[in-house]
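Here is how the chains run, residue by residue.
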Amino acid sequence: MTTTAQEAPPGDDRARQADFDAKVASNQRIEPRDWMPEGYRRTLVRQVAQHAHSEIIGMQPEGDWIASAPSLRRKAILLAKVQDEAGHGLYLYAAAETLGIDRAELTERLIEGRQKYSSIFNYPSLTYADVGVIGWLVDGAAICNQVPLCRTSFGPYARAMVRICKEESFHQRQGYELLMRMMEGTEGQRAMVQDAVDRWWWPSLMMFGPPDADSPNTQQSLEWGIKIDTNDALRQKFVDMTVPQADKLGVTLPDSELAWNEESGQYDFGEPDWNEFKRVVTGSGPCNAERVARRRVAHEKGAWVRDAATAYAKKHQNSREVAV
Amino acid sequence: MSGDNIFTGLVEEHDSDTRWAFGTGFTEALAGVDTTLPEGVDGEDLARYCQMLGDDALVQAQRLSQWVTDAPELEEEVALANIALDLLGQARLLLARAGQADGTGRDEDDFAYRREAAQFRNVRLAAAPRGDFARAITTLLVLSGWRLSLMSRLRESRDPVLAAIAAKAVNELAYHREYAVSWALRLGDGTEYSHERMAAAVADVWPSTGELFATHPVEARMSRLGVGVDPAAVAAEVHDVLVQVLTTATLDEPGAFPEPAEAGRRGDHGPELAPLLEEMQQVAREHPEASW
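In order, the protein sequence lines correspond to chains A and B. If you use our numbering, the first sequence corresponds to residues -1 to 322, in order. If you use our numbering, the second sequence corresponds to residues 181 to 472, in order.
You can take every hint at face value.
Computed footprint of chain B on chain A, listed as stretches where at least three residues anywhere in the stretch have a Cβ under 8 Å from a Cβ of chain B: (1) 66 to 80; (2) 182 to 196.
Pair by pair, the computed Cβ-Cβ distance ranges are: (3) B:Asp432 with A:Glu298: 24 to 32 Å; (4) B:Glu458 with A:Glu288: 17 to 25 Å; (5) A:Lys164 with B:Leu217: 39 to 47 Å.
Quick caveat, the hints were computed from the structure, so don't treat them as lab data. In this text the structure is predicted, and so the values were computed from the model without any measurement. Think of the CB as a built atom: it goes at the ideal place given N, C-alpha and C, for glycine as much as any other residue.
Given these sequences and hints, build the entire structure.
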C-alpha cells in the first residue's frame, strides 16, 4: 500500500505539499510511494478507474460484431482489437491499484453503478459500419484525450497511456481503413457508413466532456497535471483533425454550422446537445442498463471460477510451504 | 498540445503502403509461398483434408469468441480471445490452402461464408454448445491436446504448406493446452463446488471424444502419402495426457475413449452448427456484392 508517507505527523504536510507542487510544476512524475495530497489521490483513482471501466464496457458495442464480421480478416482484426481493450482495462486497473485501491473493489463500483465510464458506450452499434466509425471517431476522440495523458503527473498512469495510445492509434487506422474499403464498395455500404457517421458524430464530440464553463474540476486537475488540456481545447483539436479525414472518406459530418474560419484558423462547429449528454451520463442512455447488466452477469456467473482459483492457490501455497 | 502526428497518417495515400499491415490489397494469405502439390497427391483430397483441419479451427474459434465480454475474469477475456484468434489464423491459412489445392481458387471467405452446415467438415466437438466455464475448459483441453498431437506430426508433412502451417500452430496449441490444463487443475482441485462442475463437464464432453480418433478415408489416404496424419495414431498419446491432467486435478481417472465413429468429417453435424454458422455468415450473405 502507499500510505506510509501519510502516516507522518501532520506538521510535515506543508513541506511535503511544497515538494509535491514543485515536482508537478517541473513535470516530474509522482510515483506510488511518493506523498500526495488526498484530493489528488482520490481524483486520480476516480479518473483512472473510469478510464479502465470505459475500456471494459467499451468491449461490448464492438464485441457484438465479432460473431458476424463479414470476412475472416475483419473478424481477426476485430477480435484482436477487443482483446486489446481488455488488456487496456488491465493496465489501467493495475495503475489504479498502485494508488491503494483493489481491482475487485473497482469492479464492484462499476457493476453497482457507483462509478461511471465513458458515455459513448451507452449508444448501440447497429451495423458493421459502426465498427469502422467507432474505430475512426470514438478511438480518434479517445486518442485526442489520451495522448496528452502520456505526460500526466502520475507515473503509472502516464506509462500505461503510452502503450494504450500506440494500440489505440492502430485501432483508429483499422477503423478508418474499413470505412475506406466500404466507401469503395456498394451504394448500400456507403449509405451504411454515412448513417453510422450521423449517429456517432455528436456523441464523439461529447466524449471530451462538458464545456469548460460547466467543468468545475478542470482547473484543479490542470494544476495537478492530471489533465493537460481543457475539454473545449481538445474538442476543437479533434474537429480540426477529423474534418479533412471525413472529406477524404467522402462522408458528410452532420453539422450545418461546421465551417472553416479563416480568422481563427480552425473550424467553427455547432453545439452538441448537452441535455442529451446529461441524460446519458446520468443513466438514461439507450444502452446504460444493458451494458452494466452484462458486466454484472459475467462477473456474478464467474464467481465460482474465481473462488476455485483462490482456493487452489491457497492449497498449493500451503503445500509448498510444507515442502520447504 | 502533443500528439498531433498520430492523426496525420490517416489522410495520406496508403494503397501500397506497407505500414498498413491490414490494409486493402492484403488478401492473399499464402502469397509468396510455394504452393506446388507434392508428387502423387490428389489436389481434391488435400483440399478436403485442409478443410477438415481448417473447419475444426474456424468453428472452435467462433464458439470460443462467444466468451468475449462474458468471461469470469479479465485475464480470461484476453486469453480466450487470444486462443480464438490463433485458431482463426490457422483456419484462414488452411482454407486458403484448400482453395489452391483443389484448383477452384476459392479463398478463405468463400469457404467460411458460402458453404452450408452440411458442407463443413469439423468434428462435432468443435461446435459443441458453449456451456459453462468448466465445459469450455474441458473442450479446450481435449481439442487442444488432440490438435497439438496432430500438428506436431504434420510438421513432417510432404506438403510444405501444411508443414509450415503446423510449425506455427504447434507453438500456439502448446499454449492453448497449457492454459486449459492450468484451469482444469484449479477447477478440479479448487472448491468442492468447482470440483463437481469440472467432473460434470468431463462427463458431458467425454462421449464426444470418440469421433476425434475415427479415420476418414481422406485422412487415411493423406496419411499413407505422408501428407496427413491418421488421427487414430494419436489416441494413446492424447489419452495419456488427459489421464495425467485429470487425475492431478483430483478428478476420476477417465475410461477409454468411446469407439471412434465418424460424424462431422462426413458433414453429419449436431443441431448446434447451423445456428452458429448462420450468425457467422449473416452480414456477408446480406451484402453479397460488398467489399470489406
